[in-house]
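J.: Put together the whole structure using the sequences plus the hints.
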Amino acid sequence: MNRPAWTVERQVRSAEELKELARQLAVDLLAGDLLVLSGELGAGKTTFTQGLGRGLGVREGIISPTFVLVRQHPNLGDGPGLVHVDAYRLESAAEIDDLDLEATLDTSVTVIEWGAGRVEHLTASRLDIAITRPVGGGLVPGPGPDPETPVTFDDDADELRHISITAYGPRWSAGQPASLLLD
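What the sequence shown shows, in my numbering, is residues 1236 to 1418, in sequence order.
Hints are computed from structural coordinates only; laboratory data are not their basis.
Note that the structure is predicted; figures quoted are calculated from it, not measured.
All C-beta atoms, glycine included, are put in the ideal place defined by N, C-alpha and C.
Heads up, some of the hints might be wrong.
What the hints assert, rightly or not - Derived CB-CB ranges, DEER-like: (1) Ala1351 <-> Asp1313: 29 to 37 Å; (2) Gly1410 <-> Tyr1323: 28 to 36 Å; (3) Glu1295 <-> His1356: 28 to 36 Å; (4) Ser1360 <-> His1397: 19 to 27 Å.
T.: Put into structure tokens, the structure is as follows:
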């Protein structure tokens, strides 16, 4: 179970591109899928989840569950709902178990921010999604008017992000979903 089935790397240049990547991934998700998001504060974990919700067709209004820990977003059609969890303040797998996520795990897509090292026991399969930003206030190399000149993004939401999606378990052993095969 500790050995990944596959890993996909992507880069996005804006919050909208991050949402679009998540929206495309949502097409291949099923009820029972677990996504574990990691990244520094402001990296885009909730932004990613908003795109995922759009792709799943759940009720609008996805915001960070930091203070309530768990938010449920029902599907507006006949697909799975979305359960959005923030495990930042939780310190152990036992505290995760206290949230009773097992009650919705089989009927929803579950996204857990800050869950690495605390949620792997919930299911045999998962997608670990790491979102990282470059260091240096949004400076990234080219492509600018001059390839030697870095491009600067004024808004934190619109700066380069590196996305690494790593799959674990039997659900993902057959290979990457079609939504991730194209760059």
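J.: All the hints need checking, so say for each whether the structure fits it.
T.: Do the hints match the structure? See the list:
no., hint, verdict
1, Ala1351 <-> Asp1313: 29 to 37 Å, "holds (32 Å)"
2, Gly1410 <-> Tyr1323: 28 to 36 Å, "holds (32 Å)"
3, Glu1295 <-> His1356: 28 to 36 Å, "holds (32 Å)"
4, Ser1360 <-> His1397: 19 to 27 Å, "holds (24 Å)"
Violated hints are absent here; each numbered hint is respected by the structure.
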